[in-house]
Amino acid sequence: MTDFLSFSLADITAKLKAREVSATDVATAALDAAEASQGALNAFTAFDRDKTLAMAKASDERLAKGEGGLIEGAPIAIKDLFAVEGVQTTACSHILDGFKPPYESTVTTKLWNAGGVFLGKTNMDEFAMGSSNETSYYGNVINPWRAKGSDAKLTPGGSSGGSAAAVAADLCFGATGTDTGGSIRQPAAFTGTVGVKGTYGRASRWGAVAFASSLDHPGPFAKTVKDAAMLMQAMSGHDPKESTSLPLDVPDFVSAAAASIKGKKIGVPKEYRMDGMPEEIETLWQRGVEWLKAAGCEIVDVSLPHTKYALPTYYIINPAEASSNLARYDGMRYGLRVDGKDLTETYEKSRAEGFGPEVQRRILMGTYVLSAGYYDAYYLKALKVRRRILEDFDKVFETCDALLTPSTPSGAFELGSKAGDPISMYLNDIFTVTANIAGVPALSVPAGLDSSGLPLGLQVITPALDEETMFSVGAALEDAAGFNHKPGKWW
Amino acid sequence: MSNHSYVLQGATGDWEIVVGLEVHAQVASNSKLFSGSATEYGAEPNTQVSLIDAAMPGMLPVINAYCVEQAVRTGLGLNAQINTYSRFDRKNYFYPDLPQGYQISQFEFPIVGEGEIECERDDGSLFTVGIERLHLEQDAGKSIHDLDPNATYVDLNRSGVCLMEIVSRPHIRTPEEAAAYVKTLRTIVRYLGTCGGDMEKGQMRADVNVSICRPGQYEKFRADGDFKHLGTRCEIKNVNSMRFIQQAIEYEARRQIELVEEGGAVQQQTRLFDANKGVTRSMRSKEEAHDYRYFPCPDLLPLEIPQTRIDEIKAELPELPAGKRKRFVTEMGLSEYDASVLAADKDRADYYEAVAAGRDAKIAANWVNNELFGRLNKEGLAITESPVSADQLGQLVEMISTDVISGKIGKDVFEIVWSEGGEPKEIVEARGLKQVTDTGAIETVVDQLIADNPDQVASIAKNPRAVGWFVGQVMKAMQGKANPKAVNEILKAKLNIE
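Chains A and B, in that order, are what the protein sequence lines are. Heads up: the first sequence begins at 0 in numbering that gives the first Met the number 0, then just goes up one per residue. Heads up: the second sequence begins at 0 in numbering that gives the first Met the number 0, then just goes up one per residue.
Treat the hints as calculated values from the structure; they're not laboratory data. Just so you know, even glycine gets a beta-carbon here, dropped at the ideal spot from N, CA and C. A few of these clues could be false.
[To be verified] Partial list, computed: chain B residues near chain A (C-beta under 7 Å):
1. Pro56
2. Leu59
3. Val61
4. Tyr65
5. Arg86
6. Arg89
7. Asn91
8. Pro95
9. Gln99
10. Asp290
11. Phe294
12. Pro297
13. Leu299
14. Pro301
15. Glu303
[As the list claims (entries may be wrong)] Below are the BS3-like pairs computed for lysine-lysine, each with C-alpha atoms no more than 30 Å apart in a straight line:
16. A:Lys240 x B:Lys90
17. B:Lys236 x A:Lys340
18. A:Lys99 x B:Lys141
19. B:Lys90 x A:Lys99
20. B:Lys236 x B:Lys141
21. B:Lys407 x B:Lys236
22. A:Lys380 x B:Lys285
23. B:Lys285 x A:Lys340
24. B:Lys345 x A:Lys348
25. B:Lys90 x A:Lys383
26. B:Lys90 x A:Lys380
27. B:Lys410 x A:Lys348
28. A:Lys240 x B:Lys285
Starting from the given sequences, assemble the full structure and let the hints guide the process.
This is how it looks when you write it as structure tokens:
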């Protein structure tokens with residue numbers, strides 16, 4: 000009996016608590032299903048069966064005593080960006096070959112403290128740089144979803160593609176991701192899952208391999224908005240080891256996911272109505288507006304005038320920070336080292352061999368925009384535009400409680416279809432990057448299928464620190480959409 | 000310029016030099032700037048390294064508030080502006096002893112701004128040096144190239160240790176002034192307890208900027224602040240002793256003069272001082288200079304210090320050497336010279352003040368400056384290693400100033416305490432070294448001497464200074480214990496000397 004793998008996190012934890020099923024059984028079933036899916040989906044990069052079963056056993060012991068945390072006994076998949084003590088953590092880069100951290104990230108520590116059971120490390124774009132999971136050193140993940148009448152391999156999105164696929168394929172009850180420009184919300188939209196990032200600083204970055212520090216937001220993938228609220232609740236909180244961590248108590252996200260949204264003002268930003276946007280995205284968005292109206296919300300047209308500058312701004316700040324953050328991978332202390340005839344050549348060879356093309360592209364871009372003579376024109380200007388974008392959000396949230404937008408400009412695309420065209424790949428982030436630039440909470444909730452039967456998501460963005468409204472509106476959309484589609488199991 | 004000018008004769012005329020210093024001072028703190036690792040000197044390699052110092056993936060810096068306060072304290076000691084807002088930036092470059100691939104420093108917004116300090120030349124004259132800024136930064140690790148011909152070893156114990164970079168204005172005009180400036184800085188940070196100042200342990204080191212100019216040009220620079228009046232500077236990195244600072248400047252000035260006089264031009268360069276050969280060598284030219292790609296460190300929030308906290312720190316600041324020197328002169332009546340020698344070092348000043356407390360300040364100063372320091376120098380000991388404690392010396396000073404013992408006996412007692420230990424009062428008591436002030440006893444000896452030496456008495460009439468012979472004989476007869484003042488008075492009376 001492994002059909003309990005299709006349960007939501009809320010349901011499985013209820014059953015675990017009621018002792019209808021043991022954490023060990025659940026973990027074993029999840030491990031078996033995950034391992035069996037590897038050949039087809041390639042969602043994982045590492046397992047540690049002993050660790051998983053030991054954690055499940057400890058969970059069973061707590062459950063037997065009537066103890067346990069919010070997600071007690073539930074197997075959770077962890078994006079390979081998060082350090083899990085003693086388990087290979089490589090950010091899916093060749094340069095971190097064989098790296099096993101002697102420490103545990105804050106987010107995973109909090110999840111384990113809440114009773115979560117480590118299931119495995121999930122595949123991702125190398126250093127989280129990508130929107131299709133194709134830049135992973137371990138090969139791309141394949142989306143469990145297929146277009147109607149086609150067995151073409153689709154991207155699960157990126158960079159957190161493995162986590163999204165693992166949740167969508169019922170291999171776990173939740174997963175961690177990181178969202179730097181949409182790396183949780185875009186794959187969530189592509190896989191019919193819920194993806195959330197909180198306010199910048201809500202979940203700690205400590206122990207997560209840094210990509211672009213001021214934009215990186217850890218967050219969960221889940222099957223439902225309530226599940227996502229549970230996971231976000233568990234992984235959030237002040238971390239004295241992180242200087243940008245919010246020194247605030249965590250609100251009750253789980254209750255918020257069940258709260259009424261009657262009377263809330265929902266803004267619809269006109270700048271998100273892009274030229275050439277597919278009809279079905281527009282239709283889905285309009286449907287979302289109607290659902291929220293029906294739930295008692297007031298809909299207001301709003302403007303975020305600097306939206307068009309968001310993507311260029313993002314693609315300056317992001318590579319600038321990345322170029323510096325990735326300087327530590329130099330072949331000297333851990334990971335891959337390719338010896339050259341002298342120090343410089345050792346650096347060059349190690350980094351040329353260790354980093355894939357997309358990572359090298361970002362390092363080059365970042366180095367360029369920070370260089371003497373270009374800093375003012377690029378990096379400094381980007382910081383100024385970032386300030387304007389923040390002000391856009393501050394202003395718009397004076398007139399509404401949340402924004403509703405599509406999550407992505409399209410559904411999942413075929414693997415390889417955009418691989419040669421970085422600009423077209425970067426455009427995937429067009430609706431999601433603004434929330435990273437502004438550091439405000441945002442969520443993607445599955446809201447329907449496109450004409451080829453692939454999931455599409457709607458995005459809810461709320462003011463900084465107001466994840467509660469985000470979860471409330473997200474749950475209302477989920478209810479109204481009644482999205483209960485699952486990918487047909489072909490793997 | 001006064002007689003303190005440093006003029007170098009070249010083939011084409013006279014030259015002067017202009018020097019500015021960047022001093023790296025290690026903040027005295029138990030842990031590093033962004034991690035909890037220890038900073039103790041001399042530990043086994045790589046034993047004081049945290050995951051942060053080694054730049055493991057996902058590690059993040061958290062500022063050490065104590066280091067920040069030490070910087071504020073130092074800034075106040077430099078009479079400088081303390082910036083309530085400052086920011087950390089990343090300085091990016093690759094080197095194996097720089098695990099992060101960047102140094103976290105303060106580039107655009109330093110914690111301390113403009114200030115100035117008064118420095119003293121060897122002859123006691125004073126000069127003022129402007130401080131441009133002080134900022135906080137991480138130290139790098141240490142690369143060790145000489146353990147293996149084919150490999151470099153890296154010790155990360157220093158990686159992440161907190162440094163203050165103190166940047167002077169180019170207000171230094173001679174090699175001697177450069178050393179005097181560094182000495183003054185060292186004295187100030189030691190007084191404040193913000194840096195140990197031990198150059199041998201790498202707690203202080205200097206980057207020395209040197210340029211040459213024709214006489215009169217510097218004055219123009221000071222008048223309008225325009226660097227065009229000055230020559231192109233070269234920066235000599237990491238000079239780690241006062242002597243080397245002076246030697247490096249002397250060599251570098253000569254090198255630049257020769258270069259220019261041969262028709263060449265000074266290129267802006269980073270140079271290294273080779274202490275063995277006493278020369279500077281080019282490390283990299285301006286073209287080869289690193290592009291450090293400074294940008295705000297996204298892992299740290301801007302540093303904001305409330306003015307109230309700055310005021311509190313200011314109120315708790317100890318007395319600094321300049322103030323102490325003045326007080327020694329005005330309140331304790333010391334000479335400028337004595338005051339200056341005593342105030343120059345906090346340990347010495349503290350020792351002196353303990354000796355002088357409630358006693359004759361001048362006699363105390365003489366004893367500390369002459370007997371004690373002379374002896375310590377001879378034995379190569381620091382004041383903190385003195386075998387004679389301030390309390391012991393204080394007893395001695397007290398007995399001398401109250402005529403219990405003579406200065407000469409005092410020296411004997413000092414020797415006994417130095418080599419054997421013991422309490423001076425007890426030594427004087429036990430060994431019967433107290434002065435004889437009993438005039439009857441002295442008179443008896445004097446009368447006997449006058450009776451026995453009629454020739455000497457006769458010579459006194461011609462030369463009253465010959466009384467010295469009688470003083471010596473009295474002292475000899477009384478084993479040096481006679482009160483010299485009483486001996487003199489009695490002799491004068493008996494020999495009818497005016």
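Check your understanding: Lys345 (chain B) and Lys348 (chain A): Cα distance at most 30 Å?
Key -> This hinted pair is violated, its Cα atoms lying about 53 Å apart.
Review point. Would the pair Lys90 (chain B) and Lys380 (chain A) pass a check requiring their Cα atoms to be no farther apart than 30 Å?
Key: holds (20 Å)
Review point. Lys240 (chain A) and Lys90 (chain B): Cα distance at most 30 Å?
Key: holds (22 Å)
**Study point:** Restraint check for Lys236 (chain B) with Lys141 (chain B), where alpha carbons must lie at most 30 Å apart
**Key:** Measuring from Cα to Cα gives roughly 15 Å; hence the hint holds.
Check your understanding: Can we keep the Pro95 (chain B) interface hint, with Cβ of chain A closer than 7 Å?
Key -> With a closest approach of 5 Å, the Pro95 (chain B) hint holds.
Point to revise | Given pair status - Lys236 (chain B), Lys407 (chain B), alpha carbons within 30 Å | key: Status violated; Cα separation ~51 Å.
Practice item. Please work out if Lys236 (chain B) and Lys340 (chain A) have their alpha carbons no farther apart than 30 Å. Key: holds (27 Å)
Review point. Holds or violated: is the Cβ of Glu303 (chain B) closer than 7 Å to a Cβ in chain A?
Key: violated (13 Å)
Review point. Holds or violated: Lys90 (chain B) with Lys383 (chain A), Cα cutoff 30 Å?
Key: holds (21 Å)
Practice item. Given the hint that Lys380 (chain A) pairs with Lys285 (chain B), test it: the Cα-Cα distance must not exceed 30 Å. Key: holds (27 Å)
Practice item. Classify the hint on Pro301 (chain B) as holds or violated, based on whether any CB of chain A lies nearer than 7 Å to its CB. Key: Violated - the Cβ of Pro301 (chain B) stays beyond 7 Å from chain A, reaching only about 11 Å at its closest.
Point to revise | Hint check: 7 Å Cβ-Cβ cutoff, Leu59 (chain B) to chain A | key: Cβ of Leu59 (chain B) sits 5 Å from chain A, so the hint holds.
Violation of the numbered hints given earlier is confined to hints 4, 5, 14, 15, 21, 24, 27 and 28; the remaining hints are satisfied by the structure.
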